[in-house]
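We have chain A already, so just place chain B on it with the hints.
Sequence order for the protein chains is A and B. So in this note's numbering, spot 218 of the first sequence is number 218, and the numbers just go up one at a time. So in this note's numbering, spot 175 of the second sequence is number 175, and the numbers just go up one at a time.
Treat the hints with caution; some may be incorrect.
Under the rule of at most 16 Å between Cα atoms (straight-line distance), these lysine to aspartate or glutamate pairs were calculated in the EDC-like manner [claimed, not checked]: (1) B:59 - B:140; (2) B:19 - A:68; (3) B:139 - A:174; (4) B:6 - A:78; (5) A:65 - B:109; (6) B:19 - B:36; (7) A:198 - A:171; (8) B:19 - A:62; (9) B:139 - A:16; (10) A:198 - A:174; (11) B:59 - B:123; (12) A:65 - B:11; (13) B:6 - A:188; (14) A:28 - A:5; (15) B:19 - B:33; (16) A:65 - B:37; (17) B:6 - A:68; (18) B:6 - B:51; (19) B:139 - B:56; (20) A:38 - B:161; (21) B:115 - A:54; (22) A:65 - B:12; (23) A:162 - B:37; (24) B:115 - A:52; (25) B:139 - A:68; (26) B:19 - B:5; (27) B:139 - A:15; (28) B:19 - A:54; (29) A:38 - A:78; (30) B:75 - B:123; (31) A:198 - A:244.
Note that these hints are calculated values from the structure, not bench results.
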Amino acid sequence: MNCDDSRMYLPAYLDDELDVAESLRIQKHLSECGDCRKAQGQHLALRSALRDSDLTAHPSADFSKRMEAALRQAANVEARSQRPSWFESLRFGSFRWIPAAAAVVLVTTMGTLLVMNRSRSSHDELIANAVLAGHIRSLQANHLVDVPSSDRHTVKPWFQGKLDFSPPVPDLSELGWILIGGRLDYVDGRPVAVLIYKRRMHNINVFLWPNHGSADDAIRQEDAQGYQILHWNGAETTYWVVSDLNNAELLELGRALRGH
Amino acid sequence: MTSQEKRCRFEEQISPHLKSAYNLAKWLTRSHEDAEDIVQEAFLRAFSAFEGFRGEDAKPWLLTIVRNTSMTMLKRNRNTGATIGFEEALEDPSERSPDPEEMLMISCDREQVRKALEQLPSEFREAVVLREMEGLSYKEISTIIGVPLGTVMSRLSRGRDWLRRILSSPPSVKREGGAGLR
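Next comes chain B alone, as it looks inside the complex:
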């Protein structure tokens, strides 16, 4: 396969997932510029590793690279003040799934949903984004994040519980933003 043939195949199989790649990077970094930089670096890495791509599902293959590139960048920037969430933040065992009896209606206000998702610690956010926006299976998510299936399920479940709780709280609590995270 010549380099040009490789590029054609790459553009056929991988490039269609550019938007998903960007969406994931954007939700992980919460920055448009960082997301575009990451996707560009990830695409070049993917291109150089493309011989090793055995024609399995292209989307999870690409998103694995995007995710790892994002994590590398986030960790590099952590010293300079950028933040990412920590798993311990949602680790409170006393927090049960919300009881439907106690719950108000979930807010469908788009901006509130966006804010809530942005505040969700990244471990949970990435699972929710991959499942709800990108429509990936638990198994694909487990491959991308590099954690066991059970961990994917528990992160999804805790992340969604937290979102439901935030989005169904009365407005006064909502204004405190990420208070529930600390």
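Next up, chain A with everything else stripped away, as it sits in the complex:
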């Protein structure tokens, strides 16, 4: 090993990122070369300066208590939102009480079978809860968009480098769906793209990420807490669409997105 190689490998060596063979080669070179030992000394001096524990930033004394309280509150909100959706639509949905009442009749006659037989898997249910929570949070926290733009050529590149995929961003303005921006969110333990479209006063959150499973173009629909949720697995992309817009119109958007 010459000095150029040694200088190149030195940081990785000191970071314990070299394999044994390379470590031995650099150790041998260091034992023979005074200049490289000096360089090593400089690296180590900087390291110990940076590892000074006083450089580590500390939050306020009561911060962890505040976080505990925030988490407890989030857990409570979540517990409330996890009631079965037919129960919620019975309470809040003005038009949906008839099918909901029918569902109640079915439930009473068939015991818990209906609930257990719901077509979505429990994993899908978790995701449905997550995208619904994401939608509500985006409206509450006044954090609907990270990149406000009606131009798909602005929104699409914005996601570059933030995601390990490039989300399709169709222009649907001719169909009456106004793109108002994009946002990064977390669903199912991964960062996902969110496109926000608007129709009249209704915001629509479109969550999307690569589909690594099987494709199923059929759009599934669910209402929860007065919101409509659409879901389908395109050939390349998984879609979840959430809004308080009415069922029929939202389905229109679902079909338009699927067509792109």
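Below, chain B without anything else, positioned relative to chain A:
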């Protein structure tokens, strides 16, 4: 898993990394208030995504969310005057690693080290903080920042070279602060 069980598991696995989360957010934003806001938002996002957490290493998982939340906030604030560093700033190819013969001793003055690190452009600062303060591996850093391993290595190396250069310069140069960055 009920919401309360989930909260207990979350507090067991994720909450112990609260200080690391804050440290990263603080070094990225250089603001105490912003850092606490970011950590709070990141924790709530992490909590809602916790079902997707498959028990891998909790610290990089959380720090990925903290880092992305910080970046989102920094970008939102950029229009209002807050600054973040730009990679081009250190891109000068004529700047080689300092030759040990030419180098003076590295300053161990804590305030100088702190200032130097604050002036380091954020792309390099985050790599240095994650490696030196949080003790994460190249691979974990690459996951958190979302760049290839080679990019992590080059950012660490250029960031550290720059810090060594600043911290070993004579005091007159130090007073010019970030001059070496422009």
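Residue 65 (chain A) and residue 37 (chain B) were given as a pair; does the straight-line alpha-carbon distance stay at or below 16 Å?
Holds, at roughly 14 Å.
Measure nothing beyond the straight line between the CA atoms of residue 6 (chain B) and residue 68 (chain A); if it is 16 Å or shorter, mark the hint as holding.
With Cα atoms ~13 Å apart, residue 6 (chain B) and residue 68 (chain A) stay inside 16 Å; holds.
Restraint status (C-alpha distance of residue 19 (chain B) to residue 54 (chain A) at most 16 Å)
With Cα atoms ~13 Å apart, residue 19 (chain B) and residue 54 (chain A) stay inside 16 Å; holds.
Satisfaction of hint between residue 140 (chain B) and residue 59 (chain B), Cα-Cα up to 16 Å:
Satisfied, since the Cα-Cα distance of roughly 9 Å is no more than 16 Å.
Hinted pair residue 115 (chain B) and residue 52 (chain A), Cα distance within 16 Å:
holds, 14 Å
Given the hint that residue 115 (chain B) pairs with residue 54 (chain A), does the C-alpha gap stay at or below 16 Å?
holds, 13 Å
Within a Cα-Cα threshold of 16 Å, do residue 19 (chain B) and residue 5 (chain B) meet the stated pairing?
This hinted pair is violated, its Cα atoms lying about 23 Å apart.
Regarding the pair residue 198 (chain A) and residue 244 (chain A), is the alpha-carbon distance no greater than 16 Å?
Holds, because 11 Å separates the two Cα atoms, which is no more than 16 Å.
Tell me if the straight-line CA distance from residue 75 (chain B) to residue 123 (chain B) falls inside 16 Å.
It holds: about 14 Å lies between the C-alpha atoms, which stays within 16 Å.
Assess, step by step, whether the Cα of residue 38 (chain A) is no farther than 16 Å from the Cα of residue 78 (chain A), and give holds or violated.
violated, 57 Å
Check whether the Cα positions of residue 198 (chain A) and residue 174 (chain A) lie no farther apart than 16 Å.
Roughly 13 Å between the alpha carbons, so the hint for residue 198 (chain A) and residue 174 (chain A) holds.
Given the hinted pair residue 139 (chain B) and residue 68 (chain A), is their Cα-Cα distance within 16 Å?
violated, 30 Å
Of the numbered hints given earlier, the model fails hints 3, 5, 11, 23, 25, 26 and 29; all others are met.
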